[in-house]
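*Asks:* Residues per chain are reported as follows:
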Amino acid sequence: MTVDAATQGEPFIRLNGIKKIFRSRRQEFLAVSDATFDVHEGDLVSLVGPSGCGKTTLLKIIAGLYTFEDGTMEVGGAGSDFDPARDVGMVFQQPLLLKWRRVLENVILPAEILGLPMRAARDRARDLLDMVGLAGHEQKYPYELSGGMQQRAAIARSLVHDPKLILMDEPFGALDALTRERMNLELLRIWEQSRKTILFVTHGIAEAVFLGTKVVVLTAGPARMADRIDIDLPQPRTLDMKTQEQFGAYTRRIYQLLGME
Amino acid sequence: MRLRITGDAALRWTAIVGVHAAVVFLWYLAVEYWEIPKFILASPQATFMSLFDDYPWFDNTLVTAMEIFGGYFLAVVVGVGLALMFSWFRTVETLMMPLVISLNMVPKVALGPLIIVWIDYGLQTNIIIAFSISFLPILITTARGLREVEPDLIDLVKTLRATRWQVFIKIQLPGSLPYIFSGMKVAVVLAVAGAIVGEIIASEEGLAYLIGQVQVTLDTAAMMMAVILITLVGVALYLIVLILERVFVVRDARVETV
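As given, the protein sequences belong to chains A and B, one line each in that order.
My numbering applies: residue 3 is where the first sequence begins, and numbers increase by one.
My numbering applies: residue 38 is where the second sequence begins, and numbers increase by one.
Where hints are given, some of them may not hold.
What the hints assert, rightly or not - Computed spacing ranges between beta-carbons, pair by pair:
# : chain 1 : residue 1 : chain 2 : residue 2 : range
1 : B       : W50       : A       : L180      : 24 to 32 Å
2 : A       : G135      : B       : L269      : 49 to 57 Å
3 : A       : G135      : B       : V226      : 41 to 49 Å
Calculated directly from the structure, the hints in this document are not laboratory data.
Just so you know, even glycine gets a beta-carbon here, dropped at the ideal spot from N, CA and C.
Hey, can you work out the whole structure from these sequences and the hints?
*Replies:* Pasting the structure below:
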């Protein structure tokens, strides 16, 4: 996989042999072992694998929430001024909107915590809500929105402080199948418009291939990285690509890597 | 979208008034139909007319209301205050919470006589009894509300390097408001009970004291009027709490316990 570096220059994230062990008083649990992959600026990389394979742990390591034992991690490229507080946006499986705040106030929360100028943050939040298709819902409370709309608001919130990297942990996992398909298309559009680097954790293999410029496959316990696959489907992606032979070839390969075929 | 059955406000108010009126009417019918002696159950009219008898209704209602409101106010301040302290100093919580749980098991009504032994009887004592009975549920629900924060939400603000104060003021405190109100609603009933217990054990004023006085003359109508006035004071306090909840807590976040 040295092709990346040769064709695209310095990677934005470079993970090399990352290992994470959770220790309780009595036992050790190997959550991640030997995770090695690169993410380039503007990439949308899917991390796919079964439940409990350490995907979320890996995401939290990159977010700076967990330390790790072995290996090296460089985020932001060499000599960059990457600051995990300002430059990472996060989206989880649950929207995690504050029930007592209106949608707009929810979206500006990161800007508030970082102490950014509020007037600009509000304007930006409005633009972002427009971009994620929530124009006109700014003054509603979260309970007045559907699950898909709440997750759109959460995506807008992850973008409000203009971070360089968005980490998404199964963001559409709690949505119904149809809403999920629609949100996949929306995410691709948002990604294209915002030009962010996105790391997308999922256990949906088709979703991983459909969204990703690259798919990192992780296997379950002992948590290992099985492979990294560049997805050579044209951009922008369309739903009919899912029926193409090339798409099937990618998903088949991932099923094989996960020992399901 | 969830389905909400709220009905329209006019209908709800009609129901509230209608149900109460129906109970009064049944009461009236029962007294008439069974010809119940008035020293056992006074009729609604007689009960109402007792307001014009020569009893110091206003002064005694004022005293009881002061005891209930005073004790309740203290309970909210101390209950929420202690819960905040618990959430800021985890060691304090670890040490104190088991004690709070056992204290909650103490039949607080039985503490009334002891408190009167310790600090004499009167208005202040009854405030303290009302307070001591009603602050524990507020403390317990508030402490729980401050603890209930989604772990992922904590991760989210941690990546933004939020300070402890920011987490508290932006997430924990507003998140705990529904719990505070649910504890406060439970505490209203207890504050009323506390003040009345104090008055019954020993006092020279208040509605429960008045009940004791008129009991001697078997003026059942006046006794019933006193009970109704105590209830009205409690209902007034409960309504104030409901209104405050409506103002401060978004509908979807409200916790229903009563």
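*Asks:* Given a hint of 24 to 32 Å, does the C-beta separation of W50 of chain B and L180 of chain A actually sit inside it?
*Replies:* violated, 42 Å
*Asks:* Assuming the hint says 41 to 49 Å, is it satisfied by the Cβ distance from G135 of chain A to V226 of chain B or not?
*Replies:* holds, 48 Å
*Asks:* Regarding G135 of chain A and L269 of chain B, is the given constraint of 49 to 57 Å on their beta-carbon distance met?
*Replies:* holds, 52 Å
Checked against the numbered hints given earlier, the structure breaks only hint 1 and satisfies all the rest.
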